[in-house]
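A.B. asks: Protein sequences, first through last, are from chains A and B.
Numbering of the first sequence is given in the numbering used here, commencing with residue 1 and proceeding in unit increments.
Numbering of the second sequence is given in the numbering used here, commencing with residue 1 and proceeding in unit increments.
No lab work stands behind these hints, which were simulated from the structure alone.
Remember, it's a predicted structure, so these values are computed and weren't measured experimentally.
Among these hints, one or two may not hold up.
[What the hints assert, rightly or not] DSS-like mimics (lysine-lysine), calculated; alpha carbons at most 27 Å apart, straight line: (1) A:94 x B:57; (2) A:94 x A:56; (3) B:57 x B:11; (4) B:57 x A:42; (5) A:42 x B:11; (6) A:68 x A:56; (7) B:71 x B:11; (8) A:68 x A:94; (9) A:71 x A:56; (10) B:14 x B:57; (11) B:57 x B:71; (12) B:14 x A:42.
[Stated by the list, open to error] Covered stretches of chain A (in silico footprint by chain B; criterion: 3 or more residues with CB under 8 Å from a CB of chain B, positions within the stretch not fixed): (13) 42-53; (14) 85-93; (15) 100-109.
Positions of the beta carbon are idealized from the N, C-alpha and C atoms, including for glycine.
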Amino acid sequence: GESVGLHLPTLSVQEGDNSIINCAYSNSASDYFIWYKQESGKGPQFIIDIRSNMDKRQGQRVTVLLNKTVKHLSLQIAATQPGDSAVYFCAETKPTSGSRLTFGEGTQLTVNP
Amino acid sequence: DTGVSQDPRHKITKRGQNVTFRCDPISEHNRLYWYRQTLGQGPEFLTYFQNEAQLEKSRLLSDRFSAERPKGSFSTLEIQRTEQGDSAMYLCASSPPLGQYEQYFGPGTRLTVT
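Sequences and hints are given; from them, build the entire structure.
C.D. replies: This is the structure we're talking about:
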């Protein structure tokens, strides 16, 4: 069935290091992907998105890479800060789904000072 | 605050009672989505509206779940005859008009059924 999953449930990094969070998706028809950050007790917060006609997109301290050949998505966070500690989800959608999002299970990022 | 708002933030109810949650989307967003999230999992899609039209409801978990968006602005999600398995975070998201796919989430309503 359709699914979006993540390779690692937890990731621990030192403050100032770069973080890489990975995601594998199974639906080759997906054409739009979003990374969300979710802090405890809060709703998911939009970080960055990418369409399937791109392979890289950069934001402030974040970069998303998309490899459609192997159906892999990654989020890179530069100079990770304690405030980046949260659960990160990737989500995918395709035009025929009404833009409903399919989420993976998330990666817990812990930034150690 | 111009983001998505949800009310209440927390709800504790006894099994068998009905509950209703409200979502107010970002004002210029015409699409509104409901998701459910259980501990340790990603949000799970329930239903969505484009303006006042409910375009998909097949993912609602049972016929005890219903949603409305009567005037194309705020939406309500009702759960009738609640069960302990309904305990979860209920999230609302809104999205700009077609052509833009990003969804912005509210803070959620945490439901606990005792």
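A.B. asks: For every hint, state whether the structure bears it out.
C.D. replies: Against the structure, the hints:
no.: 1; hint: A:94 x B:57; in the structure: holds (17 Å)
no.: 2; hint: A:94 x A:56; in the structure: holds (19 Å)
no.: 3; hint: B:57 x B:11; in the structure: holds (23 Å)
no.: 4; hint: B:57 x A:42; in the structure: holds (25 Å)
no.: 5; hint: A:42 x B:11; in the structure: holds (15 Å)
no.: 6; hint: A:68 x A:56; in the structure: holds (11 Å)
no.: 7; hint: B:71 x B:11; in the structure: holds (25 Å)
no.: 8; hint: A:68 x A:94; in the structure: holds (14 Å)
no.: 9; hint: A:71 x A:56; in the structure: holds (14 Å)
no.: 10; hint: B:14 x B:57; in the structure: holds (26 Å)
no.: 11; hint: B:57 x B:71; in the structure: holds (18 Å)
no.: 12; hint: B:14 x A:42; in the structure: holds (24 Å)
no.: 13; hint: 42-53; in the structure: holds (count 6)
no.: 14; hint: 85-93; in the structure: holds (count 3)
no.: 15; hint: 100-109; in the structure: holds (count 7)
Of the hints listed earlier, there is not a single one the structure fails to meet.
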